[in-house]
Amino acid sequence: MTARQVAAYLNVNERTVLKLVSEGALPGVKIGNQWRFRKAMLDAWLDDQMLGVVPQQVELDYRNRAPRRMLDLASCFQPSHIVPELAATTKIGVIEELAELANRLGLVRDKNWFVGALIERENIMPSAVGNGVAFLHTMNRHPEQVIRPFMVLGRSRDGVDFDALDGRSTHLFFVLGLKFHELHLPWLAKLAQLFARPEATATLLAAPNAQAIFDSLAQAERTLFPSHSGN
1 MTARQVAAYL NVNERTVLKL VSEGALPGVK IGNQWRFRKA MLDAWLDDQM
51 LGVVPQQVEL DYRNRAPRRM LDLASCFQPS HIVPELAATT KIGVIEELAE
101 LANRLGLVRD KNWFVGALIE RENIMPSAVG NGVAFLHTMN RHPEQVIRPF
151 MVLGRSRDGV DFDALDGRST HLFFVLGLKF HELHLPWLAK LAQLFARPEA
201 TATLLAAPNA QAIFDSLAQA ERTLFPSHSG N
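The opening residue of the sequence shown carries number 1 in my numbering; numbering runs sequentially from there.
Check before you lean on any hint, since a few could be wrong.
What the hints assert, rightly or not - Subject to a maximum C-alpha distance of 20 Å in a straight line, what follows is the list of computed EDC-like cross-link-like pairs (lysine to aspartate or glutamate): (1) K19 x D43; (2) K179 x D48; (3) K179 x E120; (4) K30 x E14; (5) K179 x D163; (6) K30 x D72; (7) K111 x D72; (8) K179 x D72; (9) K179 x E85; (10) K179 x D158; (11) K190 x D215; (12) K179 x D43; (13) K179 x D110; (14) K179 x E199; (15) K39 x E120; (16) K30 x D43; (17) K111 x E97; (18) K190 x E23; (19) K39 x E14; (20) K179 x D215; (21) K39 x E122; (22) K111 x E122; (23) K190 x D72.
Claimed, not checked - Label pairs and their computed distance ranges (CB to CB): (24) A206 x G32: 47 to 57 Å; (25) D215 x D158: 51 to 61 Å; (26) Y9 x G32: 39 to 49 Å.
Honestly, the hints are just simulated from the structure, not real lab data.
In this text, all values refer to a predicted model and were calculated from it rather than measured experimentally.
Ideal Cβ placement from N, Cα and C applies to all residues, glycine included.
Given only the sequences and the hints, what does the whole structure look like? Please build it.
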């Protein structure tokens, strides 16, 4: 796609597209003096924008979308959803270990499907946003495969090479299982902002067990997004 086609697709000015891609905020490649874009990467980038796992760069138009159902952290996430010490040391290993947890908890119907869907998204655009954190999810919603919306979390104190934007190892792996397009996790954008600070990652790495990790995230939700904390 050209910059003009991307501008029409995103419903923004072409100058906005050129500004975003030149700043590295929008995925694109320069061939000669022209920018070119892959639609699959744009869709992945938009998905991350809508979920709030990366800073929002464009004003997304929700006027023609169904009202989004709000989910608090406790409805999707519990201490049992945490692997405090991942055994995996590779990207594929991390995905398989966390997909196995989701399957064991009865959150997805087919572990192999979930592994493949997460890898498909990773192949289009890595989910590691830097500062030791990754937010993994599938490209599309699959209500027939996801039993209910969820998040699982794996921690690796040693870190794993996850193709992070900052080139460093990733230590915290948040995996999202989303059932419908209109589901909204209001705390997720705040948690993503929280983990833009290295000290937030350090806090979870220092937590002694799964319960302490959960309590820390629940406290962050109450502090950062009190109106949707469920309290």
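For each hint, the structure was consulted:
For the suggested pair K19 and D43, the alpha carbons sit about 18 Å apart, so the restraint of at most 20 Å is met. Of the supplied pair hints, the one linking K179 and D48 holds, its CA atoms being roughly 16 Å apart against a limit of 20 Å. Only pairs whose Cα atoms come within 20 Å are accepted, and K179 paired with E120 is accepted, the gap being roughly 17 Å. Proposed proximity of K30 and E14 is supported: the alpha carbons are some 15 Å apart, at most 20 Å.
With a CA separation close to 27 Å, the supplied pair K179 and D163 exceeds the 20 Å bound. Only pairs whose Cα atoms come within 20 Å are accepted, and K30 paired with D72 is rejected, the gap being roughly 41 Å. With a CA separation close to 25 Å, the supplied pair K111 and D72 exceeds the 20 Å bound. Distance hint between K179 and D72 is fulfilled; the C-alpha atoms sit about 15 Å from each other, no more than 20 Å.
For the hint linking K179 to E85, the alpha-carbon distance of about 27 Å lies beyond 20 Å, and the restraint is violated. This hinted pair does not check out: K179 and D158 have alpha carbons roughly 32 Å apart, beyond 20 Å. A C-alpha spacing of about 16 Å is found between K190 and D215, which places the hinted pair at or below 20 Å, so the restraint holds. Among the hinted pairs, K179 with D43 is consistent with the structure: their alpha-carbon atoms are about 18 Å apart, no more than 20 Å.
A hinted pair counts as satisfied when its Cα atoms are at most 20 Å apart, and K179 with D110 qualifies at roughly 14 Å. Proposed proximity of K179 and E199 is contradicted: the alpha carbons are some 32 Å apart, above 20 Å. A distance of roughly 15 Å separates the Cα atoms of K39 and E120; the hinted pair therefore holds under the 20 Å criterion. Distance check on the hinted pair: K30 and D43 sit about 19 Å apart at the alpha-carbon level, within 20 Å; holds.
For the hint pairing K111 with E97, the CA-to-CA distance comes to about 10 Å; that is within 20 Å, so the pair holds. With a C-alpha separation of about 23 Å, the suggested pair K190 and E23 falls outside the 20 Å cut-off, and the hint is violated. Proximity of K39 to E14 is assessed by CA-CA distance (about 16 Å); at most 20 Å being required, the pair is judged to hold. The hinted pair formed by K179 and D215 fails the criterion: a straight-line CA distance of about 25 Å is larger than 20 Å.
For the suggested pair K39 and E122, the alpha carbons sit about 15 Å apart, so the restraint of at most 20 Å is met. Proximity of K111 to E122 is assessed by CA-CA distance (about 17 Å); at most 20 Å being required, the pair is judged to hold. Distance restraint check for K190 and D72: the Cα-Cα separation of roughly 12 Å lies within the 20 Å cut-off, and the hinted pair is therefore satisfied. At about 49 Å, the CB distance of A206 to G32 agrees with the hint of 47 to 57 Å.
Restraint check, D215 to D158: a C-beta distance of roughly 23 Å breaks the suggested window 51 to 61 Å. Take Y9 and G32: their Cβ atoms lie about 22 Å apart, and the range 39 to 49 Å is violated.
In this structure, the earlier hints numbered 5, 6, 7, 9, 10, 14, 18, 20, 25 and 26 are contradicted, and the remaining ones agree with it.
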